[in-house]
Amino acid sequence: MFRRKGIHDWADPKPNRSLYLLAALLCVLAGQLVSVSGPKVSILFISGLAGIVLIMQPLMLMWLTTIVTLLISGMVIYFAQGLNVSWGGYGLAAMLYGATILTVFGEGVRAPRSRLGKADSTHDGSGHDFLTINTAIIIFFAIALFTIALNQAPIFTTVAAVKSYFLYGGIWTALAFISFEESVIKKWLQGLLVVGLVQWPVALYQYLFVRAARIQSGLGTVEASDSVVGTFGGSQESGGLTAVLALYLVVVLTVLWALYRDKQLSGTRFLILAGVLSLPLVLMEVKVVFFYLPVALFFLYRDFLYKRPAVFLGGCATVAVLLGLLLFAYQAFHWSAKSDDMEGNMLAVFSYSFSEDMAKRMAERGELSRRSVLEFWLRENSRGDYLKTIVGHGLGATRYTEINAGHIAKKYFPAEIYLTGLSVLLWETGLLGVAAFFFLMFCAFRSAGKVMQQAEPDSWRLGLARGLQATVPLYVMALAYRADIPQAGPMMFLFMGHLGLISWLRRQGRVDAS
220 MFRRKGIHDW ADPKPNRSLY LLAALLCVLA GQLVSVSGPK VSILFISGLA
270 GIVLIMQPLM LMWLTTIVTL LISGMVIYFA QGLNVSWGGY GLAAMLYGAT
320 ILTVFGEGVR APRSRLGKAD STHDGSGHDF LTINTAIIIF FAIALFTIAL
370 NQAPIFTTVA AVKSYFLYGG IWTALAFISF EESVIKKWLQ GLLVVGLVQW
420 PVALYQYLFV RAARIQSGLG TVEASDSVVG TFGGSQESGG LTAVLALYLV
470 VVLTVLWALY RDKQLSGTRF LILAGVLSLP LVLMEVKVVF FYLPVALFFL
520 YRDFLYKRPA VFLGGCATVA VLLGLLLFAY QAFHWSAKSD DMEGNMLAVF
570 SYSFSEDMAK RMAERGELSR RSVLEFWLRE NSRGDYLKTI VGHGLGATRY
620 TEINAGHIAK KYFPAEIYLT GLSVLLWETG LLGVAAFFFL MFCAFRSAGK
670 VMQQAEPDSW RLGLARGLQA TVPLYVMALA YRADIPQAGP MMFLFMGHLG
720 LISWLRRQGR VDAS
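Residue numbers (our numbering): 220 to 733.
Everything labelled a hint here was simulated from the structure, so no lab data went into it.
Don't take every hint at face value.
[To be verified] Keeping only pairs whose Cα atoms sit at most 30 Å apart, straight-line, the calculated DSS-like set for lysine-lysine is:
hint, residue 1, residue 2
1, Lys629, Lys607
2, Lys482, Lys405
3, Lys406, Lys482
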């Protein structure tokens, strides 16, 4: 199903016979174990057995991680309150690390060294280039290890934090280092498109029934709309990953737009797909989409600014009209029950996170806004241990859960110092960690640009790279909006998948050039 050019197919069964034999023997033992042990031991044993089989099938693991994370986990959490199965997605993604090691090691053992050209010696296809995604991730990982060792946080708090930060990195690792064929990647991308397309019926149900029930219980219309989360997870009594779903849909829309620009998608098909993908954005009440979409489209068509300025200005006018229509839809679907004054509604919902007056009112209640949470970090870290300001207080320091809560979260409770991803990174990894994250985003943007330079005109690789590059800045914006990076599984899946696709494209371009 996937193979490295010039290297034996990983599907070759000979190197894996011992593993398959071991799995068969364990299957025989499983029946006896179930009959003599308790359910917990049986579940652990069977899970381990399944893991042995899955770790030999990276592609199957990729699909299972996608389905569990983006479809199953969120639906179970939403409709079966109290049943958290998000660990399933984290576990499957983590197994991709092992699957990648086995695959790359197996390819290296089977291939004579003389057949491994320069293109195969650097897995992201970057040669001696220092400004790569690989380098940036290694730097961030080194900073994380240093701050863990420096602060010596409780082991379970650290493990929980490492889970949030790094387990979904298995997605990036698999895409960056395993030689998936183009047909495999195309099918996986089609699967991600299907995930976006199936959001609207779920969002419609949540808008018509769950939101209506919350309004009848006396909750405001805007707050009730927080329960429209699609399959990404949340609560019927409170909010959820609405912003993550919005980002996901904007990324998919932008990639489709890029493919349409590079003549890989017909205008009719693009309009149909874009219309269906946009429906959940109307049913959700998520303001950040008004910033995500114009930024993504600006980077997608920024070359038109000097190549075809008239077309660029026309596009800006079109985007302005679309956003205006979305504003009217928000007034009709979400804000009208609160007030008929659309201008007043817009001012209220767009300014509450950053206005000084709102920050003061929230401070009186012991709360922090997106603006004041950064001011609070600066104030608390400008008069103490400057080493902690530079490298942070350790991964997990801002965890706010009842179990394994971080020491910084306890110290400043009830202040929500974990409100945004930027505040989390500042507290846990310091200025160095934040700088490493921005360096990672720069390397991702640059790597996608390199692919665009190497790709053939009007090709699907060019369209994909163009769409991926245009949406890299959105993760920087998301960092200042919520703490979904690094705390939300679907967000980390999207983030790592984004980096992985860019790495795969970069490597493919290097192999083709050789």
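Status of each hint after checking the structure:
A C-alpha spacing of about 17 Å is found between Lys629 and Lys607, which places the hinted pair at or below 30 Å, so the restraint holds. Our distance criterion of 30 Å between C-alpha atoms is met by Lys482 and Lys405, whose separation comes to about 16 Å. With a C-alpha separation of about 19 Å, the suggested pair Lys406 and Lys482 falls inside the 30 Å cut-off, and the hint holds.
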